[in-house]
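Generate the whole structure from the sequences, applying the supplied hints.
Reading the sequence shown from the start, the letters are residues 1 to 196 in the UniProt record's numbering.
In case anyone wonders, no lab produced these hints; they're calculated from the structure.
Some clues are possibly wrong.
The calculated label-pair distances, taken between Cβ atoms and stated as ranges, are [stated by the list, open to error]:
#, residue 1, residue 2, range
1, Glu47, Ala159, 20 to 28 Å
2, Gly72, Arg2, 38 to 46 Å
3, Pro20, Gly72, 17 to 25 Å
4, Glu108, Glu152, 13 to 21 Å
Beta carbons: idealized from backbone N, C-alpha and C, even for Gly.
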Amino acid sequence: MRATIEDNVVHSPYPSIDIPCCSFYEAAQKALFNDPDKMALADGTVEVTRRELFELMQRYAAGFQKHGLEPGDRVCVHVGTSVHNFAAMMACVFAGASIVLAKTALTERELRYQISDSDCTHVLTEPAFAEKTAKAAASLPIKGFFAMGPVEDFINAAAFRDLSEAAFREGFIPDPREHVLVMMYTSGTTGLPKGV
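See the structure below:
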């Protein structure tokens, strides 16, 4: 399939879809509970069904909320690829926050730039990157430091998976169309990286 250009406008060859005007939580719930026992994610160690993923994200979100994460906050996510890291990252969005994706290969200076430039209020990292993350965020107005395991001076977000999903309360988003879900940074090949 090829895109067509009409009046200098590129048109997708794929059919249009209706994007619902709802929170990410509502959209995820609808999508994941369509065939809830189907495998959703696997990382070589952990496998979860769609239902299990949704419940896991609720538990992580309850923990983040318990530790002050709320709508309007921005979380710099500096983690590798795993089922639990994905669930924790998306749980921040369930709680109403926006996430800022920061590749694990970033240097301390590059990470600091992204945290500062995107006005992050919290960080989520792994124990392996905690020292770099703490140094990168030093003297910045960060309200909460979370790690996916026990790290001194960080809240152990991995422990949130033991909470009850019933403790989660969906964060209120006044207008989902105006809410930033995820921010990524360009590579910066023509200057400083830019948030997109």
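Hint check:
{"no.": "1", "hint": "Glu47 x Ala159: 20 to 28 Å", "verdict": "holds, 21 Å"}
{"no.": "2", "hint": "Gly72 x Arg2: 38 to 46 Å", "verdict": "holds, 42 Å"}
{"no.": "3", "hint": "Pro20 x Gly72: 17 to 25 Å", "verdict": "holds, 22 Å"}
{"no.": "4", "hint": "Glu108 x Glu152: 13 to 21 Å", "verdict": "holds, 18 Å"}
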